[in-house]
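Colleague: We have chain A already, so just place chain B on it with the hints.
Protein chains in written order, with this note's numbering: chain A, 35 to 281; chain B, 265 to 519.
Note that these hints are calculated values from the structure, not bench results.
Some clues are possibly wrong.
Unchecked claim - Distance condition first, Cα-Cα at most 35 Å in a straight line; then the derived DSBU-like pairs of lysine-lysine: (1) A:Lys48 <-> A:Lys255; (2) B:Lys267 <-> A:Lys220; (3) B:Lys282 <-> A:Lys152; (4) B:Lys516 <-> A:Lys248; (5) B:Lys346 <-> A:Lys116; (6) B:Lys346 <-> A:Lys255; (7) B:Lys516 <-> A:Lys55; (8) A:Lys141 <-> B:Lys516.
Said to hold, decoys possible - Examples of chain A residues toward chain B, derived with CB under 7 Å: (9) Phe51; (10) Lys55; (11) Asp110; (12) Ile126.
What the hints assert, rightly or not - Taking beta-carbon pairs under 10 Å as the criterion, some of the chain A residues facing chain B (in silico): (13) Gly92; (14) Arg114; (15) Asn190.
Every residue, glycine too, gets a C-beta built ideally from N, C-alpha and C.
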Amino acid sequence: MNVLSISKLRKEFKTGFTGSKRFTAVNDVNLSIEAGEIYGFLGPNGAGKTTTLKIIMGFLRPTSGEVKIFGGNAGDWRVREKVGFLPENPNIYPYLTGRQALYFIGKYFSMSNIAIKKKIDELTEELGMERELDTPIRKHSRGMAQRIGLAQALINEPQLILLDEPMNGLDPIGRKMFREVILRQKEAGRTVFFSSHILSDIEMICTRIGLLNKGRIVLDKSLNEVMKEAEGRGLEEIFMEKVSETK
Amino acid sequence: MIKRTFWISVNTVFEFLKDRSVTGFLFVGMLFIMGGYVVADLSFVEKQRMYVDTGLGAIFIVSVFITLLAGTNVIDREIREKQALCALSKPISRTSWMTGKLLGFIFTVGIVISILTTFLFFYVKLMLGVWIPMLFVGGFYIFLEMVVLSSYIMIFSMITTQYMSLFFSLMVLIIGHMVDDLKIYWSSGSAAAKFVSHALFYILPNLKFYLSNPVVNGKILSVSDFTFQLTVSALIYLAISAILSGLIFSRKELV
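Pulled out of the complex, with its shape left as it was, chain A reads as follows (with noise of 0.2 Å):
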């Protein structure tokens, strides 16, 4: 079952001073996600990740193409109903503390006050916030602030996650934890999509890999058959290769 499909996906902005020049951000992107994938989504910086991301999140109207979540528009706010989103750089709620920013974000969800409750303090130490749990979130690291992001992006329990840039602003021990908690949601049944250009995560995690280059699908094929055209090369390699020949 697709979970998550984008066709003929086409994202084109405005530019200049009168707006008459367009630039294309996204171009022709299809993509299908089944249930139970952990995607990891590619690509060189200014390559259409963050578009695409929010297209997909109803943030951004596509110029044509259409993106459908569990068979639903995209655009309608039902379907993010099961869907947990971690924005790149997550700024959530400066002034108030990470538990009760939790606490606001389960309510959207109409949650009930002991249901908030026992999935913060699962959330809590899955993600090792106990200690700063409790402090102002403008108070907090990059990487706390970074974990509570990805806190609220799962405190529904959601099908879908998607996630823009996960391990911006992690340490390795941060990365290690982020990749254990993704490793986790593909063990409940749950289809995670992330973007990143960290090639050695996507590498321990992924099922199957997308590489975005100049707003084009360039690859887009499970890990293992990556790696079995590799013949013996790594990523890294496949990456530079994939974006030079897009040139």
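Modeller: For chain B alone, kept in the frame of chain A given last:
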């Protein structure tokens, strides 16, 4: 959906109450109210009237500052600093989010006005030995005026930048208190002046109705009927604003 809108507004109240500038404005408002002592002492006019007018004036000024400065920032900052992405990635429609922010902001302004009015109420009792319960009606009128102003601010926030919406909102406040004067151009002046004055007269609210001093000083008869009418009209402004800004926001791209 109503529950989610409620939680958005509670979050917005938290946001403002944790903001030190709101506490600062409260403190300044209390100082202004206490300044009524100096004004009353220097004046030949009835002391009670001076305390009331200075106090209500102070509450009005503080409310206007908070409404204009914080109101033009409430949506803009959240979008600019990408805090909105977190809430809008949840099952919340943009209209609900917008309505929640608007209601939360108005509730915060209401809390500030209530605190300052209560302070004035006890201050007058302390200085003059009289209780003036009508001060609370006066405070409510200021609140209604801020509701109307916030409704305009929300729409401006959707169509222009923070500074331009601050400018437009200030214009609504100023011209809104002089709306009756626009009638001068109805019978004289050019066709363009007639058109503009008619348009402004019908588009802008007549904020003179919301002046709190006449109510407290007993210059308005049948206060309850008048208050009811003003409350209904403020609620209509609020509803129109929530619908319009929600519609505009649902078309907006969050880059």
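Colleague: Each hint should be assessed against the structure and marked as holding or not.
Modeller: Here is how each hint holds up against the structure:
Between Lys48 (chain A) and Lys255 (chain A), the direct Cα distance comes to roughly 32 Å. Compliance with the 35 Å bound is thereby established for this hinted pair. Of the pairs offered as hints, the one joining Lys267 (chain B) and Lys220 (chain A) holds, with about 32 Å between alpha carbons and a cut-off of 35 Å not exceeded. About 26 Å separates the Cα atoms of Lys282 (chain B) and Lys152 (chain A), which keeps this hinted pair within 35 Å; it holds. Between Lys516 (chain B) and Lys248 (chain A) the CA atoms are separated by roughly 25 Å; this keeps the pair inside 35 Å, and the hint holds.
Pair hint Lys346 (chain B) plus Lys116 (chain A) holds up; C-alpha atoms about 22 Å apart against a cutoff of 35 Å. For the suggested pair Lys346 (chain B) and Lys255 (chain A), the alpha carbons sit about 33 Å apart, so the restraint of at most 35 Å is met. A C-alpha spacing of about 20 Å is found between Lys516 (chain B) and Lys55 (chain A), which places the hinted pair at or below 35 Å, so the restraint holds. The straight-line distance between the Cα atoms of Lys141 (chain A) and Lys516 (chain B) is roughly 25 Å, inside the 35 Å bound, and the hint therefore holds.
Restraint check, Phe51 (chain A) versus chain B: the minimum CB separation of about 16 Å is more than 7 Å; hint violated. The closest approach between the C-beta of Lys55 (chain A) and any C-beta of chain B is roughly 16 Å, which is over the 7 Å cut-off, so the hint fails. A cut of 7 Å between beta carbons decides the hint on Asp110 (chain A): the least distance to chain B is about 9 Å, and the hint is violated. Taken as an interface hint, Ile126 (chain A) checks out: its beta carbon lies about 5 Å from the nearest beta carbon of chain B, inside 7 Å.
For Gly92 (chain A), the interface hint holds, since its Cβ comes within 10 Å of a Cβ in chain B; the closest pair sits about 8 Å apart. The interface hint given for Arg114 (chain A) is met, as the beta carbon of that residue sits about 5 Å from the closest beta carbon of chain B, less than 10 Å. Interface restraint check for Asn190 (chain A): the shortest CB-CB distance to chain B comes to about 8 Å, inside 10 Å, so the restraint holds.
Of the numbered hints stated above, those contradicted by the structure are hints 9, 10, 11, listed in ascending order.
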